[in-house]
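*Asks:* Protein sequence lines correspond, in order, to chains A and B. Taking this note's numbering, the leading residue of the first sequence gets 1, the next gets one more, and so forth. Taking this note's numbering, the leading residue of the second sequence gets 1, the next gets one more, and so forth.
Any given hint could turn out to be false.
[Said to hold, decoys possible] With the C-beta cut set under 8 Å, the calculated list includes, among others, these residues of chain A facing chain B:
1) A5
2) H25
3) P27
4) H269
5) E273
In case anyone wonders, no lab produced these hints; they're calculated from the structure. For glycine and all other residues, C-beta sits at the position ideal for the given N, C-alpha and C.
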Amino acid sequence: MQIPAPFDYVRASDVDNALALLERHGPESRLVAGGHSLLPMMKLRLARPEWLIDINGLAELDFMVREGNVFRIGALTRHTTLLESPEVARLFPIVTDAEQVIADPVVRNRGTIGGSLCQADPAEDLSTVCDVLRAEAVIRGPAGERVVAMDEFHRGPYETAVGQNELMSELRFPIRPRSSSAYEKVERRVGDWAVAAAGAAVSLAADGTIEESSVGLTAVGLDGTVAGIGDLLGGRRPDEDLFAEAGRIAAAACEPVADQRGGIDYKRHLADELTRRVLRRACARASEEQEG
Amino acid sequence: MRVQQPAATGLDLERVDGRAKVLGLAPYAYEHPAENPTYLYPVQSTIARGRITAIDTAAAETMDGVVAVLTHLNAPRLADAADKELAVLQSDEVGFRGQFVAAVVADSPEAAREAAARVRVQYHQEPHHAALRADHEDLYKPEQINAGLETDTQAGDPDAALASAAVVVDRTYTTPAEHNNPMEPHTTVAQWEGDRLLVFDSTQAVHNARKTLAPLFDVEVEQIRVVAPHVGGGFGSKGLPHAHVVLTALAAKVTGGRPVKYALTRQQMFFLAGYRTPTIQRLQLGASPDGRISVLTHDVVEQTSAIKEFAEQTAGISRMMYSADHRRTTHRLASLDVPVPSWMRAPGECPGSFGLEVAMDELAEACGIDPIELRVRNEPAIDPETGKPFASRHLLACLREGARRFGWERRNAQPGTVLVDGWRTGIGVAASTYPARRQPANTARIRFTADGFYEVQIGAVDLGTGAWTALTQIAAEALECGPEQVRLQIGDTDLPVATVAGGSSGTASWGSAIIGAAQMFRKEHGGFPSAGDTSEGDGERNPAGKNYALHSFGAQFAEVQVHADTGEIRVSRMLGVYSAGRIINPRTARSQFLGGMTMGIGMALHEQSVMDERFGMIVNHDFADYHVPSNADIRQLEAFWLEEVDEHAGPLGARGIGEIGIVGAAAAVANAAYNATGIRVRDLPLTADKFLT
Ligand SMILES: Cc1cc2nc3c(=O)[nH]c(=O)nc-3n(C[C@H](O)[C@H](O)[C@H](O)COP(=O)(O)OP(=O)(O)OC[C@H]3O[C@@H](n4cnc5c(N)ncnc54)[C@H](O)[C@@H]3O)c2cc1C
Chain A
1 MQIPAPFDYV RASDVDNALA LLERHGPESR LVAGGHSLLP MMKLRLARPE WLIDINGLAE
61 LDFMVREGNV FRIGALTRHT TLLESPEVAR LFPIVTDAEQ VIADPVVRNR GTIGGSLCQA
121 DPAEDLSTVC DVLRAEAVIR GPAGERVVAM DEFHRGPYET AVGQNELMSE LRFPIRPRSS
181 SAYEKVERRV GDWAVAAAGA AVSLAADGTI EESSVGLTAV GLDGTVAGIG DLLGGRRPDE
241 DLFAEAGRIA AAACEPVADQ RGGIDYKRHL ADELTRRVLR RACARASEEQ EG
Chain B
1 MRVQQPAATG LDLERVDGRA KVLGLAPYAY EHPAENPTYL YPVQSTIARG RITAIDTAAA
61 ETMDGVVAVL THLNAPRLAD AADKELAVLQ SDEVGFRGQF VAAVVADSPE AAREAAARVR
121 VQYHQEPHHA ALRADHEDLY KPEQINAGLE TDTQAGDPDA ALASAAVVVD RTYTTPAEHN
181 NPMEPHTTVA QWEGDRLLVF DSTQAVHNAR KTLAPLFDVE VEQIRVVAPH VGGGFGSKGL
241 PHAHVVLTAL AAKVTGGRPV KYALTRQQMF FLAGYRTPTI QRLQLGASPD GRISVLTHDV
301 VEQTSAIKEF AEQTAGISRM MYSADHRRTT HRLASLDVPV PSWMRAPGEC PGSFGLEVAM
361 DELAEACGID PIELRVRNEP AIDPETGKPF ASRHLLACLR EGARRFGWER RNAQPGTVLV
421 DGWRTGIGVA ASTYPARRQP ANTARIRFTA DGFYEVQIGA VDLGTGAWTA LTQIAAEALE
481 CGPEQVRLQI GDTDLPVATV AGGSSGTASW GSAIIGAAQM FRKEHGGFPS AGDTSEGDGE
541 RNPAGKNYAL HSFGAQFAEV QVHADTGEIR VSRMLGVYSA GRIINPRTAR SQFLGGMTMG
601 IGMALHEQSV MDERFGMIVN HDFADYHVPS NADIRQLEAF WLEEVDEHAG PLGARGIGEI
661 GIVGAAAAVA NAAYNATGIR VRDLPLTADK FLT
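The shape of chain A in the complex, shown without the other chains:
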């Protein structure tokens, strides 16, 4: 049997209580949300926290709400909730695309967006999604609340800006007019982690040219979004040659490692191919938006 090392468990009553518990139990305490990353690591003894602070009861972290041009998603929002939300599908189809290929229904019913981002697994899909949507993370700690952009949030594999005594309370997504997005993933088996994946977000000018754009890649050793994509596409009309050019840039920008899921060349090839696909799809969706 896969038994974790001994640990103690406590249920937080609200966010302040969770922060107090983190403070009290110190560096060997960990929040548990959906538990679908943390518990497997504990069972494999890759993680050995002494205290688990359960935040699953914190309804205040489980919400989705639009406020003007910002869409706020609570950290405890489950994958399934995101997948099934028509509003999310309309505003950010990239989220729906990604959620369809994250794990399986059992994992999605429990796993949360906050846990996904704070886990910061290099093959994790929602980090790329948040990068390309230019989301901001709201972090709460003893000193109050701070809002950090994604490039500041990510600190590398399994590392984020969230301090030991802090928690992520929500993510904020800017809503842009005439914009859309898409995500595509290649996996070896249904529900598996990505061999490689790509996400793109674009907004179009009134004349149909690309105003803003970003592309992110998953599982191929790229931090943040692909540099130079915005400049390349800005002011140009979406077309296949342009997407191909963007694909080449993305393939050159990433630094995949060879593993059982594929070799370096193959992963670079996917970065290229998937970048074209998501740009094609995001632009098509954005222009539909424009018409509709």
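Given chain A, put chain B with the ligand in place with the hints provided.
*Replies:* Chain B with the ligand alone, transformed into the frame defined by chain A:
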């Protein structure tokens, strides 16, 4: 010999154990009530070869709840340490990474695992070899190969025939190491009462298990009782007791009579419970321009563990499948510092069919003829190996029936021509076969109870395949009563002796004994028995085995889609047609065929145990990295069989169905992938990157 007239057999009976399983009431090995149990957790070696120089158990021993810490220095001695896989904690030698070097027994599983982590082991490390290579320096020829077959065979002059053949296919195919990975982990619960040992084991053979254990512990087989009413799969890895069974029974010697429970973790299963050896297979087929094979050679290099030999009979299939005047098969082993390979679903036929059946596809193309027609042209009249007639060989009927159902005529002979929405699509075929084995040493007992039931007893095991149901049906038919009147008892050495649930031999072997017992019962007690009337019967050796070659056959068809841009590959459709003698229960039989095909898709697309040779470490040792298909990966899957009764297969007329479903499945997928893309992949698994060359 009288062949039973079908009555209760052939019925689409629901699993008689289904309800208990769904309700969670069917006890698996770990779940049997045990009084005041202890729990075992092992320490595994972190080197691949060498010696233990020191073990510090002090920190573990002083932990709360720890009952004992066993090492090679203090463990009870086994009476027989010749089998180095089973001789656990008997010496300081380490033969592979992951081997047991110590074990903690404690009051709780948590304490056992925690204490095991505190055992410190020091080693003198010696250089090791853990990777299989075709040019391995010390390849050797084993005395015989699995199933007692000859290591090498030769007929005619293959080299001369190859030199003069008009068309030659000369290719090397490889299959990786694969792990059985049943859902229920290998589990043993052992308890000594004086000099009697009680074992709840997740095993495919209760009687064989105790026969293996008895000499190790210097007791008579009657002093050991092994119980296994329900088993959650094994695929061969539970056919022979592995080291954990011995370790648990050994540990139970030091607990003052308390039971010891041990279930391997999934990760431990990758080192300690057997696996399929990787194979390197060179196939040479020489034929006339119209595809008539004159020469067929199949030369295999594979691995064994240096501590215990296992020689997979990979080329066995090439001895009987197609006619050829000149033929050769060879098996050479690399003896490596790796875990001990063992049986995995269709040992021999499964990996061997990948080489042979892809080579046949290549030959069909080289000759420009249809792959099914190629097999028709090379259908032997008699078993080319032994010269005996086949008791029943319906390969061509399977191929034709499959072709009709699958829509084979829609296949484009030219590969790489169908492209729809970015997906290249193709279809492929492969032949399948598996020997019909029947083990003679089986006895069944039938007793009529006071409340009017027939109690049918045999020490058979249902490893999830449906034996509970099939044997109930066989007994009902032989007794000419309804299945509801039969109370079957299996999975216990207190019951009459039975052979392994393996080699696709279980149903036929046990069924013959049950039929023998039923005939004896009617002879002794007539049609109106009284309470307590009891008879026994044996399954006699099948006399037809002397005069006939006994094999099942099948045809596997696959439709595969490969994405033109990403190489992503999926099996969109698969269909198998089998000829396996009488089908006892269509429902459970269908599950067996579909399960075999599903495992074949896993073999084709996913399964590969990755050895890091620097450390002798299997790195992808869990389900996050060792992929088997999930439900969502399996699309359309169909299994059919020919209605037949094999009159040479014993009184039941059935040949066994547990393994044939996987044989040829990976080749069918690879052949379909070639038809889709024009890219011939000869190394399993068929990963996406291989289609982007
Ligand atoms: C079989 C399987 C397949 C999977 N496949 C995929 C996949 O294909 N793609 C993918 O992206 N993911 C995949 N996942 C991961 C899944 O999405 C997880 O649910 C997710 O990564 C973590 O979310 P969680 O809520 O379960 O976090 P938990 O496991 O509870 O926590 C993860 C980490 O985040 C911390 N944490 C959690 N919430 C907060 C918070 N609010 N503030 C600060 N720290 C916090 C925890 O302390 C912990 O360190 C898979 C998981 C499994 C089990």
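*Asks:* Against chain B, is E273/A within 8 Å by beta-carbon distance?
*Replies:* holds (5 Å)
*Asks:* Should the interface hint for P27/A be scored as holding, given a Cβ-Cβ cut-off of 8 Å against chain B?
*Replies:* violated (21 Å)
*Asks:* Holds or violated: is the Cβ of H269/A closer than 8 Å to a Cβ in chain B?
*Replies:* holds (6 Å)
*Asks:* Given a cut of 8 Å on the nearest C-beta pair, is the interface hint for A5/A held or broken against chain B?
*Replies:* holds (7 Å)
*Asks:* Does the CB of H25/A sit less than 8 Å away from some CB of chain B?
*Replies:* Violated, because the Cβ-Cβ distance from H25/A to chain B comes to roughly 20 Å (cut-off 8 Å).
Hints 2 and 3 from the earlier list are contradicted by this structure; the remaining hints agree with it.
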